[in-house]
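Protein chains: 2
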Amino acid sequence: MALHIALDAMGGDRGPEELVSGAVLATRESDLEVSLVGDTVRLGAILASHGASSPRIHLVHASQVVDMDESPFDAIRRKKDSSIMKAFALHKEGSVDAVVSAGNSGATLAAAIKLLGRLEHVSRPGIAGIYPTLKGPVVMMDVGANVDCRPEHLFQFGVMAAAFSQVLFGLDRPRVGLLSIGEEGGKGNILVKKSHELFQQSSLNYIGNVEGRDTFQGDVDVMVCDGFVGNVCLKLSEGLAEAVMGMLGEEIAKSFKAKLGYLLARDAFVSFKKRVDYAEYGGAPLLGIRGNAIVCHGRSNAVAMKNAIRVASEMARNKVNDRILELFSLDHRLVEQDDAPVANAAGAGVTQ
Amino acid sequence: MALHIALDAMGGDRGPEELVSGAVLATRESDLEVSLVGDTVRLGAILASHGASSPRIHLVHASQVVDMDESPFDAIRRKKDSSIMKAFALHKEGSVDAVVSAGNSGATLAAAIKLLGRLEHVSRPGIAGIYPTLKGPVVMMDVGANVDCRPEHLFQFGVMAAAFSQVLFGLDRPRVGLLSIGEEGGKGNILVKKSHELFQQSSLNYIGNVEGRDTFQGDVDVMVCDGFVGNVCLKLSEGLAEAVMGMLGEEIAKSFKAKLGYLLARDAFVSFKKRVDYAEYGGAPLLGIRGNAIVCHGRSNAVAMKNAIRVASEMARNKVNDRILELFSLDHRLVEQDDAPVANAAGAGVTQ
Numbered sequence: 001m002a003l004h005i006a007l008d009a010m011g012g013d014r015g016p017e018e019l020v021s022g023a024v025l026a027t028r029e030s031d032l033e034v035s036l037v038g039d040t041v042r043l044g045a046i047l048a049s050h051g052a053s054s055p056r057i058h059l060v061h062a063s064q065v066v067d068m069d070e071s072p073f074d075a076i077r078r079k080k081d082s083s084i085m086k087a088f089a090l091h092k093e094g095s096v097d098a099v100v101s102a103g104n105s106g107a108t109l110a111a112a113i114k115l116l117g118r119l120e121h122v123s124r125p126g127i128a129g130i131y132p133t134l135k136g137p138v139v140m141m142d143v144g145a146n147v148d149c150r151p152e153h154l155f156q157f158g159v160m161a162a163a164f165s166q167v168l169f170g171l172d173r174p175r176v177g178l179l180s181i182g183e184e185g186g187k188g189n190i191l192v193k194k195s196h197e198l199f200q201q202s203s204l205n206y207i208g209n210v211e212g213r214d215t216f217q218g219d220v221d222v223m224v225c226d227g228f229v230g231n232v233c234l235k236l237s238e239g240l241a242e243a244v245m246g247m248l249g250e251e252i253a254k255s256f257k258a259k260l261g262y263l264l265a266r267d268a269f270v271s272f273k274k275r276v277d278y279a280e281y282g283g284a285p286l287l288g289i290r291g292n293a294i295v296c297h298g299r300s301n302a303v304a305m306k307n308a309i310r311v312a313s314e315m316a317r318n319k320v321n322d323r324i325l326e327l328f329s330l331d332h333r334l335v336e337q338d339d340a341p342v343a344n345a346a347g348a349g350v351t352q
Numbered sequence: 001m002a003l004h005i006a007l008d009a010m011g012g013d014r015g016p017e018e019l020v021s022g023a024v025l026a027t028r029e030s031d032l033e034v035s036l037v038g039d040t041v042r043l044g045a046i047l048a049s050h051g052a053s054s055p056r057i058h059l060v061h062a063s064q065v066v067d068m069d070e071s072p073f074d075a076i077r078r079k080k081d082s083s084i085m086k087a088f089a090l091h092k093e094g095s096v097d098a099v100v101s102a103g104n105s106g107a108t109l110a111a112a113i114k115l116l117g118r119l120e121h122v123s124r125p126g127i128a129g130i131y132p133t134l135k136g137p138v139v140m141m142d143v144g145a146n147v148d149c150r151p152e153h154l155f156q157f158g159v160m161a162a163a164f165s166q167v168l169f170g171l172d173r174p175r176v177g178l179l180s181i182g183e184e185g186g187k188g189n190i191l192v193k194k195s196h197e198l199f200q201q202s203s204l205n206y207i208g209n210v211e212g213r214d215t216f217q218g219d220v221d222v223m224v225c226d227g228f229v230g231n232v233c234l235k236l237s238e239g240l241a242e243a244v245m246g247m248l249g250e251e252i253a254k255s256f257k258a259k260l261g262y263l264l265a266r267d268a269f270v271s272f273k274k275r276v277d278y279a280e281y282g283g284a285p286l287l288g289i290r291g292n293a294i295v296c297h298g299r300s301n302a303v304a305m306k307n308a309i310r311v312a313s314e315m316a317r318n319k320v321n322d323r324i325l326e327l328f329s330l331d332h333r334l335v336e337q338d339d340a341p342v343a344n345a346a347g348a349g350v351t352q
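Residue numbers (the numbering used here), protein chains in the order written: chain A, 1 to 352; chain B, 1 to 352.
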């Protein structure tokens, strides 16, 4: 049976047009069903303007929208009929297999935890970022949901991201590294040193501390860090990549010869941009909830949304949560269940 | 009177040849005196091979060398006649005005603290990184010396880096930002939230939280963070810049037309590389000690060393420490003197 994805069609910075286009692309390139959740009058009009209405695109009404800068917890408490809450309600009742949102990432996480609940053994669900590297992709977790962490939280991030990497990228034993400031186990802050001890005792393919410069070399498949560090890295990377290209562009613009050279090399620049484009993976998987969800960059275009819908469907098809539970069962003694409220969750605006 | 700089001529990954070349360049382009500290037989031979011996280059013997991966505190305790200890001993006795080292950065900091002591009001001396941006340079502090910090430490970093920015880049009121994961004051981890309150009460030109993506835009002059986050950022930036250029190079190599284009645009690439080259500022100033010091990248070439010697001399000439004390005096009530041992110092290998 075809999988069914709910798309929060009201979130994001570009407005619903881009999101609807992504859904249309996704249904054209696959047999997926997509439910667009939001203002059905507006969404219906956008869909009509696309001409080809598809029997696999459905409209589900939600009367409210969570704004990008709204406090996540206030938002989900006050806006019970928001598109993001409605999308997760569909997931909870079993009408859809996954949720995709380009809206307020904190509210997306908060709504997921509230409506679906946390996966067994997981005290802190989090957000995993997928980075391109010189070789394959690397999964970094957490990239913004949990800013003050304990070692057991970092260990859980490692397990979840490893399971995701296995399922999505087909890696048998993904190499898991702990992001630190020196490769020796004795280097790092208190959190990292204590987490290192947990990882060393685990069944994961733990390769020890890795440094920021290793991120893009492709010699590690999973990088573990707290959500503060991960979110800083995520945004620093975006900013640096933009600045590098901006500075290069300024230098090229200074001479006619260089501009001519750029025109000749243009295809290479286009391939390069495609290679480092966040749109390639569409978004960041939300891991540790009883369900499947992807949060996308607020600026996501239609291609990014299409890819996010594809990744969400793969998470559901390949049962990433079953894999997470399997990995937890191998290290049962290291997993300390705590039920403390997820006080730090959802603060970072990972995708805005 | 001409300033005099001590250069730890045995540290670094490239061997003393490159360091000596840097010193030769520095004395040719300025009236500085430079003392090369290390194995005088070897250094004398290298100097002789340069032909033009200068009366402004002096040799000072040290019988030991601290290795790049040695534990800083062990090293300075055991190797009292190491080149780095000797260089700071010269500074302590007043024979030189500043120290430059491309060796073990942790040991450099530890030696500085041991021999020169901490500046008044400073509980944690640290290392400031200088990044190129689309506009002027930005100073980030701390980039690796102090991995577990309290809010007052971050405040001290802000004061010291602001003074450095005033003195070195001629900024009257450098804009100081706190590196966080959202621009609102309420966002961040516990450390950042508490530090935000301190900065808000200060006389600094505090512009609030800034995000990683702001680093390279040039809209902030000083970015404050703990040494773990700063060191991760430093190494991530290095790794990303290399990966971006590597991926672009791979794409260009795929087609003849693109290669031809690259040749035409080559000057632009060279200017670009010069613009983002760490060698431009030569190294990272060590702030909060009773003296002037620069720690350089272990891979530093002669040009980087020459620039580091220049920046070190500017720190001495413009009395950066007097400026730091002036800024502290404006915010006296916010500066809490603590004399706890600098337990986390010098762990990060900021320049290796």
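If you are wondering where the hints come from, they were derived from the structure by calculation, not from laboratory data.
Some clues are possibly wrong.
What the hints assert, rightly or not - With a cut-off of at most 27 angstroms between alpha-carbon atoms, the simulated BS3-like pairs for lysine-lysine come out as follows: (1) B:257 - B:273; (2) A:257 - A:92; (3) B:257 - A:257; (4) B:259 - A:274; (5) A:274 - A:254; (6) B:194 - A:135; (7) B:194 - A:259; (8) B:254 - A:274; (9) B:259 - A:254; (10) A:274 - B:193; (11) B:135 - A:194; (12) B:193 - A:114; (13) A:257 - B:194; (14) A:259 - B:273; (15) A:273 - B:193; (16) B:274 - A:193; (17) B:114 - B:135; (18) A:273 - B:194; (19) A:135 - B:257; (20) B:274 - A:259; (21) A:194 - B:274; (22) B:254 - A:273; (23) A:135 - A:274; (24) A:274 - B:194.
Consistency of the hints with the structure:
For the hint pairing residue 257 of chain B with residue 273 of chain B, the CA-to-CA distance comes to about 22 angstroms; that is within 27 angstroms, so the pair holds. About 59 angstroms separates the Cα atoms of residue 257 of chain A and residue 92 of chain A, which puts this hinted pair outside 27 angstroms; it is violated. For the proposed pair residue 257 of chain B and residue 257 of chain A, the alpha carbon gap of about 14 angstroms is at most 27 angstroms, so the pair holds. Proximity of residue 259 of chain B to residue 274 of chain A is assessed by CA-CA distance (about 19 angstroms); at most 27 angstroms being required, the pair is judged to hold.
Of the pairs offered as hints, the one joining residue 274 of chain A and residue 254 of chain A holds, with about 25 angstroms between alpha carbons and a cut-off of 27 angstroms not exceeded. For a cut-off of 27 angstroms, the pair hint linking residue 194 of chain B to residue 135 of chain A is broken: about 40 angstroms separates their Cα positions. Annotation: proposed proximity of residue 194 of chain B to residue 259 of chain A is violated, straight-line Cα distance about 49 angstroms (limit 27 angstroms). With a C-alpha separation of about 15 angstroms, the suggested pair residue 254 of chain B and residue 274 of chain A falls inside the 27 angstroms cut-off, and the hint holds.
Simply put, residue 259 of chain B and residue 254 of chain A have alpha-carbon atoms about 20 angstroms apart, close enough for the 27 angstroms limit, and the pair holds. For the suggested pair residue 274 of chain A and residue 193 of chain B, the alpha carbons sit about 37 angstroms apart, so the restraint of at most 27 angstroms is broken. Using a Cα cut-off of 27 angstroms, the hinted pair residue 135 of chain B and residue 194 of chain A is violated, with the two alpha carbons roughly 40 angstroms apart. Only pairs whose Cα atoms come within 27 angstroms are accepted, and residue 193 of chain B paired with residue 114 of chain A is accepted, the gap being roughly 26 angstroms.
Under the criterion of a C-alpha separation no larger than 27 angstroms, the hint pairing residue 257 of chain A with residue 194 of chain B is inconsistent with the structure, at around 52 angstroms. At most 27 angstroms may separate the alpha-carbon atoms for a hinted pair to count; residue 259 of chain A and residue 273 of chain B meet this at roughly 17 angstroms. The hinted pair formed by residue 273 of chain A and residue 193 of chain B fails the criterion: a straight-line CA distance of about 36 angstroms is larger than 27 angstroms. Taking the CA atoms of residue 274 of chain B and residue 193 of chain A, the gap is about 37 angstroms. The hint is violated against a cut of 27 angstroms.
Taking the CA atoms of residue 114 of chain B and residue 135 of chain B, the gap is about 37 angstroms. The hint is violated against a cut of 27 angstroms. Straight-line distance between C-alpha atoms of residue 273 of chain A and residue 194 of chain B comes to about 39 angstroms, which puts the hinted pair past the 27 angstroms bound. Under the criterion of a C-alpha separation no larger than 27 angstroms, the hint pairing residue 135 of chain A with residue 257 of chain B is consistent with the structure, at around 25 angstroms. For the hint linking residue 274 of chain B to residue 259 of chain A, the alpha-carbon distance of about 19 angstroms falls within 27 angstroms, and the restraint holds.
This hinted pair does not check out: residue 194 of chain A and residue 274 of chain B have alpha carbons roughly 41 angstroms apart, beyond 27 angstroms. Proposed proximity of residue 254 of chain B and residue 273 of chain A is supported: the alpha carbons are some 15 angstroms apart, at most 27 angstroms. Taking the CA atoms of residue 135 of chain A and residue 274 of chain A, the gap is near 15 angstroms; set against the 27 angstroms cutoff, the hint holds. For the hint linking residue 274 of chain A to residue 194 of chain B, the alpha-carbon distance of about 41 angstroms lies beyond 27 angstroms, and the restraint is violated.
Hint check: violations occur at hints 2, 6, 7, 10, 11, 13, 15, 16, 17, 18, 21, 24; the rest are consistent with the structure.
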